[in-house]
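Given the structure of chain A, go ahead and fit chain G onto it with the hints provided.
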Amino acid sequence: MFGRKGKKGNYAYTVARVKAKKAGLLKEDAYSKMLMMSLPEISRFISESGYQKEITELTGKYDGVDLIEHATYTNMARLFRGILEASQGELRDMIAADLGRWDAWNLKVILRGRSFGLSADGIKEDLVPAGELDMAHLEKLMGCETDEDVLTMFGKMQKTSIPQDVLSRYKAEGNLSVIEDYLDKYFYEKLLLSIDPSSRPKRLYQDFIRNEIDITNLETILKLKKEGISGEDVLQYVIPGGKQIDRKLATQLANAESVSAMANDLAQLDFFEEIKPALDDTNSLRDIVAALTKYHIKQAKTFSHLYPLSVIPVVDYMIHKENEVNNIRIIARGLDSGLDREVIRGLLVV
Amino acid sequence: MPAQDVTPTRSVLLEVKKKIKLSKSGHKIMKMKRDGLIIEFFEVMEKAKAMRSSVVSDYEQAMEKIAIAIAVEGEIAVKSAAYALKNEPKVNVGSKSIMGMMVPKVDADMSKCTILNKGYGVISTSVYIEEASKAFEKLLVTLVRAAEVETTMKRLLDEIERTKRRVNALEFKVIPELEDAEHFIKFRLEEMDRENTIRLKFLKGKGEAA
Numbered sequence: 001m002f003g004r005k006g007k008k009g010n011y012a013y014t015v016a017r018v019k020a021k022k023a024g025l026l027k028e029d030a031y032s033k034m035l036m037m038s039l040p041e042i043s044r045f046i047s048e049s050g051y052q053k054e055i056t057e058l059t060g061k062y063d064g065v066d067l068i069e070h071a072t073y074t075n076m077a078r079l080f081r082g083i084l085e086a087s088q089g090e091l092r093d094m095i096a097a098d099l100g101r102w103d104a105w106n107l108k109v110i111l112r113g114r115s116f117g118l119s120a121d122g123i124k125e126d127l128v129p130a131g132e133l134d135m136a137h138l139e140k141l142m143g144c145e146t147d148e149d150v151l152t153m154f155g156k157m158q159k160t161s162i163p164q165d166v167l168s169r170y171k172a173e174g175n176l177s178v179i180e181d182y183l184d185k186y187f188y189e190k191l192l193l194s195i196d197p198s199s200r201p202k203r204l205y206q207d208f209i210r211n212e213i214d215i216t217n218l219e220t221i222l223k224l225k226k227e228g229i230s231g232e233d234v235l236q237y238v239i240p241g242g243k244q245i246d247r248k249l250a251t252q253l254a255n256a257e258s259v260s261a262m263a264n265d266l267a268q269l270d271f272f273e274e275i276k277p278a279l280d281d282t283n284s285l286r287d288i289v290a291a292l293t294k295y296h297i298k299q300a301k302t303f304s305h306l307y308p309l310s311v312i313p314v315v316d317y318m319i320h321k322e323n324e325v326n327n328i329r330i331i332a333r334g335l336d337s338g339l340d341r342e343v344i345r346g347l348l349v350v
Numbered sequence: 351m352p353a354q355d356v357t358p359t360r361s362v363l364l365e366v367k368k369k370i371k372l373s374k375s376g377h378k379i380m381k382m383k384r385d386g387l388i389i390e391f392f393e394v395m396e397k398a399k400a401m402r403s404s405v406v407s408d409y410e411q412a413m414e415k416i417a418i419a420i421a422v423e424g425e426i427a428v429k430s431a432a433y434a435l436k437n438e439p440k441v442n443v444g445s446k447s448i449m450g451m452m453v454p455k456v457d458a459d460m461s462k463c464t465i466l467n468k469g470y471g472v473i474s475t476s477v478y479i480e481e482a483s484k485a486f487e488k489l490l491v492t493l494v495r496a497a498e499v500e501t502t503m504k505r506l507l508d509e510i511e512r513t514k515r516r517v518n519a520l521e522f523k524v525i526p527e528l529e530d531a532e533h534f535i536k537f538r539l540e541e542m543d544r545e546n547t548i549r550l551k552f553l554k555g556k557g558e559a560a
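Chains A and G are the protein sequences, given in the same order.
Under the numbering used here, the first residue of the first sequence is numbered 1, with each subsequent residue one higher.
Under the numbering used here, the first residue of the second sequence is numbered 351, with each subsequent residue one higher.
Everything labelled a hint here was simulated from the structure, so no lab data went into it.
Treat the hints with care, as some may be off.
Restraint-style ranges between C-beta atoms, simulated for each label pair [unchecked claim]: (1) ASN442(G) with GLU145(A): 36 to 44 Å; (2) ASP165(A) with PRO439(G): 42 to 50 Å; (3) ILE389(G) with SER38(A): 41 to 49 Å; (4) ASP207(A) with PRO439(G): 25 to 33 Å; (5) GLY450(G) with ARG345(A): 57 to 65 Å; (6) GLY338(A) with PRO439(G): 22 to 30 Å; (7) GLY444(G) with GLY338(A): 36 to 44 Å; (8) PRO439(G) with LEU306(A): 46 to 54 Å; (9) GLU189(A) with PRO439(G): 52 to 60 Å; (10) ASP340(A) with ALA400(G): 24 to 32 Å; (11) GLU410(G) with GLU189(A): 39 to 47 Å; (12) ASN255(A) with GLY444(G): 34 to 42 Å.
Computed footprint of chain A on chain G; a stretch qualifies when at least three of its residues, placed anywhere within it, have a C-beta under 8 Å from a C-beta of chain A [stated by the list, open to error]: (13) 420–431; (14) 512–524.
The beta carbon of each residue, even a glycine, is placed where N, CA and C say it ideally should be.
Isolated chain A, as found in the complex (with noise of 0.2 Å):
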């Protein structure tokens, strides 16, 4: 069984793997040592919970909490990739879909750092090749000539094409926000059709994943209501496919006259009690985005544990490892740049 290629995918091996993992990621108590710690003792740290070869490599190459950014990112790399190679038939077609939003933040860090003028060397240090698409890959958009090409490029690799009317509308405005929402509701309407609802954890993945559009799409929205936008201008950037926030609800929430107005819409949603004291026009966003990226993550704890053959464990172990890593991020660059440890503290998912 274990290893083995089937259409049904190797869920034993692969789940195996990755609790093994999982048992290797961070406590939360070591967060709270972190927080106490200096830049060298967290690198020290760090390399001694599993991140010892990046951080052994990257020395010559960057240095404080640049190392421990990039070593880090490397590792998450490594770890996702390590998996989706490890995994086989359907199990490896979801896990893949799931990478895919590492391919399409890299094919936009390719097209910015083109537009900026960096150098293929300049745009490869900010590649994290945690995707379907491994860094070979990855090069080979870098030398395409023209943007066109990469995007051609990054079709044939997807085994898609970018519409005609994307690539026109890039054309005539020059402007790179046209390919990029493109591209992230493509990655909802590529995971989603990867994900065959016929059981039970497959139900409760593809409903975890409909949450997370509901939680994009109430970031977009509150994003744009902010600067004043509303109406067809706010409903064109959302994603379709979310659980609670179907066309109807999302064009009443485009269409609220402020933030605080949106409450009444909103209270009918899973997760109003961890935005709700939020909800202020005075407010800044964050304290809402802080409290739904929790609630996403609490959520994925809360069925981890319930269907130990299946992609849940999986997609729970990649969602963990991602937060880890942006944890330690989040601690490291706020020592670094001098930020109270209370402030560093609210901004960690724990």
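Same frame as chain A, now just chain G:
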């Protein structure tokens, strides 16, 4: 113009008198200008003080927001978002007149800089990055306005100094010298009048004796 260098003629006397009148009215106007500039300077100084504290608070806020954005999203994400930026802030430089002195009028136009046309995606760009970007836009506008006020203040100081020098020069050098010259010419003309009278009397006496 030392008094001894003046030709003591009636036409020069008229010219010197004209100059004295002009210098005195110039002195009066200059003094008024100096006082006006000082009043203006104190007003601008209050503005500059307020602008400096705005710059400090906006800078602190922007730095805190960028620190949080870098911590939460990572330097790579923040750097990448910065690379995508398309809209450069527009700075309009003009000039205005304060008591005849030209000072710069600078405006930073960020009105067209919305989340929709910044260059990065609306969906994926985090609130942390967006808030940091907004904070820096605000800081830029404040800095540009502060630059205008500070430059105005420096120009006003230079102008006050220059006007003060002119007032002093008129009051203690030009006008006294002109008055000395007037006095000298008047004295010389009177002297010449007396000489003429004596000469005429002498000639008259000589004629009567002959």
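Is the hinted range of 34 to 42 Å satisfied by the C-beta distance from ASN255(A) to GLY444(G)? holds (40 Å)
Kindly confirm whether 36 to 44 Å is satisfied by the beta carbon distance between ASN442(G) and GLU145(A). holds (38 Å)
24 to 32 Å was suggested as the range; check whether the CB atoms of ASP340(A) and ALA400(G) agree with it. Since ASP340(A) and ALA400(G) have Cβ atoms about 27 Å apart, the given range 24 to 32 Å holds.
Proximity test - 8 Å, beta-carbon atoms, the segment 512–524 of chain G to chain A, at least three hits: Coverage by chain A is violated here, the residue count being 0 at a Cβ distance below 8 Å.
For GLY338(A) and PRO439(G), compare the CB-CB distance with the range 22 to 30 Å and indicate the outcome. Between GLY338(A) and PRO439(G), where Cβ atoms are some 27 Å apart, the hint holds.
Is 57 to 65 Å respected by the C-beta to C-beta distance linking GLY450(G) and ARG345(A)? holds (59 Å)
8 Å C-beta criterion, at least three residues: is the segment 420–431 of chain G covered by chain A: Answer holds; 9 residues pass the 8 Å Cβ test.
State, for the Cβ atoms of GLU189(A) and PRO439(G), whether the hinted interval 52 to 60 Å holds or is violated. violated (36 Å)
Given a hinted range of 46 to 54 Å, is it respected by the beta-carbon distance of PRO439(G) and LEU306(A)? holds (52 Å)
Is it true that GLU410(G) and GLU189(A) lie within 39 to 47 Å of each other by Cβ? Once the Cβ atoms are compared, 42 Å apart, the range 39 to 47 Å for GLU189(A) and GLU410(G) holds.
Could one say that the CB atoms of ASP207(A) and PRO439(G) fall in the range 25 to 33 Å? At 44 Å between Cβs, range violated.
ILE389(G) versus SER38(A) beta-carbon gap, inside 41 to 49 Å or not: violated (55 Å)
Violated hints for the displayed structure, listed by number in ascending order: 2, 3, 4, 9, 14.
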